[in-house]
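A.B. asks: Chains A and B are the protein sequences, given in the same order. In this text, residue positions in the first sequence follow the working numbering: the first is 1, and each later residue adds one. In this text, residue positions in the second sequence follow the working numbering: the first is 1001, and each later residue adds one.
In short, the hints are calculated from the structure, not lab data. Glycine included, C-beta positions come from ideal geometry on N, C-alpha and C. Among the clues, some could well be false.
As the list claims (entries may be wrong) - To spell it out: a stretch of chain B is covered by chain A in this simulated footprint if at least three of its residues, at any positions, have a beta carbon under 8 Å from a beta carbon of chain A; those stretches are:
1) 1023 to 1032
2) 1049 to 1058
3) 1084 to 1098
4) 1125 to 1139
Residues per chain, in single letters:
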Amino acid sequence: MSFITRNVSVILETLVYRGREGQGAYLLHRVAGLGVLLFLALHILDVFIVAFGPTVYNNLLFIYKGQLPRLLEVALAFALIYHALNGLRIIVQDLYPAIMRYHKTLFYIQFVLFTLLFIPAATFMMREFNVLIGDFVLIGGYPYGILVALVLWAVVPASYLVQNVAPPQAGLNVSIAGGGK
Amino acid sequence: MSSYSKAMGPVSGSRFQAYSWFFMRLSGFLVIFLALIHFYWMHFIIGVENITFDTIVGRWTAPGFEGVFWRTYDLFLLVFGFTHGMNGGRQVLEDHITDERGRKVVWYLLVAAWAVLIFMGAWIIFTFRPGMPTPFNLPIPL
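Let the hints inform the model, and build the full structure from the sequences given.
C.D. replies: The following block contains the structure:
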């Protein structure tokens, strides 16, 4: 198998592996981390441009202003908060291995904290934007913020619920994934 | 962590993976606070729409301890945050690239990208002042 087909099948198997909460957390931790890394590279380059003076730098800043960049910034907030809380859980589990017995409880505490931090943050960040059809405001302000927040937030439960939808894979030993409390 | 994958070419046989594991916990814990405070400050206190060249001038060239504080803060974010990110990217690629030659190529590409971007970031943090000469004296109007 080629590099691409092999890794596509690895990613598809990850989605249906039935590792549930832990598998969803692993997948989101990686995707969020890689997303933040891409932004960091861009961010180092854009700060470097201040060396070229106020005109060049202020003209460049259009990349962070407006509705589409703001939606991406909400996605960045999602990735930062998720990766931070999940990383904190990994550190706690590494320092106190006995707590692995309750890893699902820790995950749900993390999920509640994520919800409490992300939903208000995303709602606030989108508050000054509207979805317009001509001059008609389809949805705008805080309701729009809450909608954007909920759509992104739903990615977290979806990351492990999707593993219950897919049928068990023949040839994959899925039974060992259900262990733990 | 990619505990089941072999170390990449140039580092096999060393304690690199153990140091990498420890560094990810240490830098991760530090960057949680640095990055979330930075994000909160820029997006909730100042607001992205209000950020301009003058915002950076105000932070990095503030009189006394304040300017030094923000340059140090941003340097910590750069070094710990970006190194944490590149090492995480290395771990992901390690899990998906299995042939030795590909791993070696990726290793050198990542080290090169890491060195160039850390140098660019650190250089601007240390040398920035309003009206500074443009890099390589490029003829760009100020």
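A.B. asks: For each hint, tell me whether it holds in the structure or not.
C.D. replies: Going down the list of hints, with the structure as the test:
With a cut-off of 8 Å between beta carbons, the region 1023 to 1032 of chain B has 4 residues touching chain A; three or more are needed, and the interface restraint holds. Chain A is given as covering the region 1049 to 1058 of chain B, and this holds because 6 residues of the stretch bring a CB closer than 8 Å to a CB of that chain, at least three being needed. Evaluation of the coverage hint for the region 1084 to 1098 of chain B: fulfilled, as 7 residues show C-beta separations to chain A shorter than 8 Å, against a requirement of three. Interface restraint, the region 1125 to 1139 of chain B with chain A: holds (8 residues with C-beta to C-beta distance below 8 Å; minimum three).
Checked against the numbered hints above, the structure violates none of them.
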